[in-house]
Amino acid sequence: MHELPQTLVSGLALGTLYGLIAIGYTMVYGIVQLINFAHGEIVMIGGFGALTIWLWLPDSVPLTAALPLMLLGGALASVAVATAAERFAYRPLRGAPRLAPLITAIGLSIALQQLVWAFYPDAKKSRSFPQFHGDAFEITGSVHLQRDDLFVLVAAPLCMLALGLFVARSRTGRAMQATAQDPDTARLMGIDTDRIIVLAFAIGGAFAAVAAVATGLRAGQINFEMGFVLGLKAFTAAVLGGIGNIYGAMLGGVVLGIAETASTTYIQHIPGMQQLGGGGWKDVWAFVLLIVVLLVRPQGLLGERVADRA
Amino acid sequence: MTAPLLEVEDLRVAYGKIEAVKGISFTVEAGQVVTLVGTNGAGKTTTLRTLSGLLTPLAGTIRFDGRPLTGVPAHQVVARGLAHSPEGRHIFPRLTIAENLQLGAFLRKDTDGIAQDTRRVYELFPILGERARQAAGTLSGGEQQMLAMGRALMSRPKLLMLDEPSMGLSPIMMQKIMDTIAELKASGTTILLVEQNARAALSLADRGHVMEIGRIVLSGTGAELLHDESVRKAYLGED
Chain A
1271 MHELPQTLVS GLALGTLYGL IAIGYTMVYG IVQLINFAHG EIVMIGGFGA
1321 LTIWLWLPDS VPLTAALPLM LLGGALASVA VATAAERFAY RPLRGAPRLA
1371 PLITAIGLSI ALQQLVWAFY PDAKKSRSFP QFHGDAFEIT GSVHLQRDDL
1421 FVLVAAPLCM LALGLFVARS RTGRAMQATA QDPDTARLMG IDTDRIIVLA
1471 FAIGGAFAAV AAVATGLRAG QINFEMGFVL GLKAFTAAVL GGIGNIYGAM
1521 LGGVVLGIAE TASTTYIQHI PGMQQLGGGG WKDVWAFVLL IVVLLVRPQG
1571 LLGERVADRA
Chain B
249 MTAPLLEVED LRVAYGKIEA VKGISFTVEA GQVVTLVGTN GAGKTTTLRT
299 LSGLLTPLAG TIRFDGRPLT GVPAHQVVAR GLAHSPEGRH IFPRLTIAEN
349 LQLGAFLRKD TDGIAQDTRR VYELFPILGE RARQAAGTLS GGEQQMLAMG
399 RALMSRPKLL MLDEPSMGLS PIMMQKIMDT IAELKASGTT ILLVEQNARA
449 ALSLADRGHV MEIGRIVLSG TGAELLHDES VRKAYLGED
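Line by line, the protein sequences give chains A and B.
Sequential numbering from 1271 applies to the first sequence in my numbering.
Sequential numbering from 249 applies to the second sequence in my numbering.
Fair warning: there could be bad hints in the mix.
[As the list claims (entries may be wrong)] Residues of chain B placed beyond 10 Å of chain A at every Cβ, according to the derived structure:
| # | residue |
| --- | --- |
| 1 | Glu267 |
| 2 | Pro321 |
| 3 | Arg342 |
| 4 | Gly352 |
| 5 | Arg367 |
| 6 | Glu371 |
| 7 | Ile375 |
| 8 | Glu378 |
| 9 | Lys433 |
[Said to hold, decoys possible] Some chain B residues close to chain A (C-beta under 8 Å, calculated; not the full set):
| # | residue |
| --- | --- |
| 10 | Leu302 |
| 11 | Ala322 |
| 12 | Val326 |
| 13 | Pro334 |
| 14 | His338 |
| 15 | Leu343 |
Just so you know, these hints were derived from the structure itself, not from any lab.
Idealized CB from N, CA, C, for every residue including glycine.
Take these sequences, add in the hints, and give me the full structure.
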């Protein structure tokens, strides 16, 4: 059991990263009941936006100083693509059968990958992403925190806090909740629900960019396909936590991140399951967790029962 | 003679190929209570939803407060002074009662006026004041109806549209809601009331219109319609 604290720390870093992406799925779903399957690509675009800033800055600028600008550049790219997708791909399909926007999302996802592959310089293979140099932080003798993980562990709670306050306290946040609960009635109140929908996509895009920078820092590289598995995991996290609920998305992300990390640490010690542990199986265990939660608690950890929505 | 507050002329509304409202005309004068009565599917709710911009008419014109209202998007209608308390109440269940009322005043900036109107709603419906911090979804059906009406009043409307305010309520609660509408009328509020409970609605109304499958088949003062033979038979359950 001596690995437990380390598993929790590493799992938390991975999980908050998933959570940031899951927010994008859950906010859009909460308001327009659309699963934006191109959201993984919004993350990827954010990564390339941040990388562009890094490459553009002079070599003498240290990563710590560059980070805010990279986040800004990544967020600009992600938000622009996410809101353009809403305006030109999803909005014309509002009121269409549910399959239409879903297929559009998958098409958009492929198109965005291929656009980056084709037009971003040298993006046909992975591009290296800057990382912090130096040893991991020692929390206790056997528990370490990677320098590059510190970023997401600071950024994710700050993002969450800001979003939570915005939704609960601000006038626009209240309009957002109203739109999620009853869009037609929200319009009767004078709320421009089209604007609220754009805002949901934009917030999801901004969070995606933060997650993209975190991913780049952790892996030391980004590529045009990175959004696929990340998107799938984050979607899992959103469903796990209860789709439509922002705190659920973060909780689902953390549970998934810890479960995934724990599976690589512990499962190989279970007699008879040695060959089912290790890094290669972590995705399998992540989705096994999803299946179990859906069987036991279909509405997700913090989800409302469907009857409440009527 | 001044123009009526609301003028609806030859309004036609369809869902796909099915025409739900087939050319109706009526007016509401400032200070009046006008009611649309009729059975399910007569087109009453469709009419209100078109007035508030949630549905787009096929044809016809709507003039409100001297200006055309046709084609104005729903979120701009309330700014023009027309508030709609929808059928089935549609309160925001996971927001508190106070938050629901604040949303009713979403476009207003006059903090003092909003506070004053909130107090007025709590005076009208004391139960809402007692439970101001509670989630609206926890209220009973009648209390939700009070909230929906209070929320609509929070925009200080020139015209208040109430869709089936007595639907699904106990007789006591229904009486309470009808008394409140009478109280609002006495204070000078202009109301367009849609009701299946024709007797209650016509007793309150200055004018009534009977709708049947998308058309107005009979119009008159509330009292005239209450005593009309065909109305008594069809809508008041008398032989």
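Legend entry - Structure versus earlier hints, numbers of those that do not hold, lowest first: 2, 3, 4
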